[in-house]
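Protein chains in written order, with my numbering: chain A, 256 to 444; chain B, 256 to 444.
Don't take each hint at face value.
Which copy is meant is left open, so a pair is good if it fits within one copy or across any two.
Said to hold, decoys possible - Pairs of lysine-lysine residues, derived as DSSO-like cross-links and limited to a Cα-Cα distance of at most 27 Å, are as follows:
#	residue 1	residue 2
1	K385	K415
2	K320	K373
3	K443	K427
4	K427	K264
Quick caveat, the hints were computed from the structure, so don't treat them as lab data.
Listed here are the chains, written in short residue letters.
Number of protein chains: 2
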Amino acid sequence: MNWVEYKRKKLEGYTLAKERGEVDEDIIPLLDLINSFDCFVTTSSCSGRIGILDMPEFGDKVEAKFLGKWHDMVEFKDVLKAVRRGQRVVWLIMYPPIIHIACRDLSCAEELISIANKSGFRRSGIISLKNWVVEITSLERLELPVALNGEIILSESALKIMVDFANRKLAKSKEKLKRLYKALEELKV
Amino acid sequence: MNWVEYKRKKLEGYTLAKERGEVDEDIIPLLDLINSFDCFVTTSSCSGRIGILDMPEFGDKVEAKFLGKWHDMVEFKDVLKAVRRGQRVVWLIMYPPIIHIACRDLSCAEELISIANKSGFRRSGIISLKNWVVEITSLERLELPVALNGEIILSESALKIMVDFANRKLAKSKEKLKRLYKALEELKV
Numbered sequence: 256m257n258w259v260e261y262k263r264k265k266l267e268g269y270t271l272a273k274e275r276g277e278v279d280e281d282i283i284p285l286l287d288l289i290n291s292f293d294c295f296v297t298t299s300s301c302s303g304r305i306g307i308l309d310m311p312e313f314g315d316k317v318e319a320k321f322l323g324k325w326h327d328m329v330e331f332k333d334v335l336k337a338v339r340r341g342q343r344v345v346w347l348i349m350y351p352p353i354i355h356i357a358c359r360d361l362s363c364a365e366e367l368i369s370i371a372n373k374s375g376f377r378r379s380g381i382i383s384l385k386n387w388v389v390e391i392t393s394l395e396r397l398e399l400p401v402a403l404n405g406e407i408i409l410s411e412s413a414l415k416i417m418v419d420f421a422n423r424k425l426a427k428s429k430e431k432l433k434r435l436y437k438a439l440e441e442l443k444v
Numbered sequence: 256m257n258w259v260e261y262k263r264k265k266l267e268g269y270t271l272a273k274e275r276g277e278v279d280e281d282i283i284p285l286l287d288l289i290n291s292f293d294c295f296v297t298t299s300s301c302s303g304r305i306g307i308l309d310m311p312e313f314g315d316k317v318e319a320k321f322l323g324k325w326h327d328m329v330e331f332k333d334v335l336k337a338v339r340r341g342q343r344v345v346w347l348i349m350y351p352p353i354i355h356i357a358c359r360d361l362s363c364a365e366e367l368i369s370i371a372n373k374s375g376f377r378r379s380g381i382i383s384l385k386n387w388v389v390e391i392t393s394l395e396r397l398e399l400p401v402a403l404n405g406e407i408i409l410s411e412s413a414l415k416i417m418v419d420f421a422n423r424k425l426a427k428s429k430e431k432l433k434r435l436y437k438a439l440e441e442l443k444v
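If we strip away everything but chain A, and leave its shape as in the complex, we get (with noise of 0.2 Å):
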């Protein structure tokens, strides 16, 4: 399949799902942005999240089970009763932003590469040769369990503090997104 092909494939396929919701709503813009550019087109992202987890044991994210998800700042009122619906190992989590985006050669995925860094998406590399798939993301993170068993492990104010931090974090790896933007605004000049 030669890229315009392609492309146009993976264009249809970003189109419905944002008709059905399935995109962050938040990073949109960017994603659109990035899809303007003939060389690029992006194949899946998350605009960044905290997350309560419910995991039947040890690392296993597979059978994980989401029991709360928030893109934004999230209430620790709302985080608390996340926790309390879990029952076995549950964790909190913040993970930044992540997108992966297509290009059509690399000499683009380096371009690309180069402003995600430049943007302070320090994490930012080529995971796939095929179609040259560059994924951005950054290291800002907090994760930990909070409860086991159903029983919560850190007191009121602890948790309190988790959350805050989360949001804080979260806060900073969404102000890249905006940095991004704007570098990728000024390529198209």
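Starting from the known structure of chain A, fit chain B onto it as the hints suggest.
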């Protein structure tokens, strides 16, 4: 600089770092194996670690200071000792192994990424196109604040649980180093 010359220089640096004890010991056999391939040379590495970091303020890793750092299972009492020395925002972190490997050409990089992924290092990709530097790493992490301004915010039992999870996640991520070693050994035959 051609590849042979580049590799020779990088290997010199690696040998010197080994002599100075600056390379994590448990990863040396793997690095030696990687460097025994004509098409690869390691440029930096960490075998995975648990650490206690004192940060001057939110997220400012540049000025962060390690109060404790362990490349293997750590005992709770040693963690507690390090946490108690913290004065600002004290974080407990567990990071998986990370290895940077320059490759002779794109097809070597491609093979390396494929082997890394199969060994469980699901966060592997080309991070620099100059010398095709591949970053090999995975997703096991634990990262949380444990003390603020000299005050520990977790109960002793909660902190013990965190250290226990950090140890188990570190062990799990280090298992992948063994799988990578075996896969590379098989490639050698």
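Outcome of the hint check:
1. Taking the closest pair of Cα atoms, K385 and K415 never come within 27 Å of each other, the shortest separation being 44 Å inside a single copy and 45 Å across copies.
2. Only between protomers do K320 and K373 lie at most 27 Å apart by alpha-carbon distance; the minimum there is 25 Å, versus 35 Å within a single protomer.
3. In this assembly of identical chains, the alpha carbons of K443 and K427 lie at most 27 Å apart only when taken from the same copy (25 Å versus 45 Å across copies).
4. Taking the shortest Cα distances, K427 and K264 never come within 27 Å of each other, neither inside one copy (33 Å) nor across copies (39 Å).
Hint compliance for this structure: hints 1, 4 are not met, and every other hint is.
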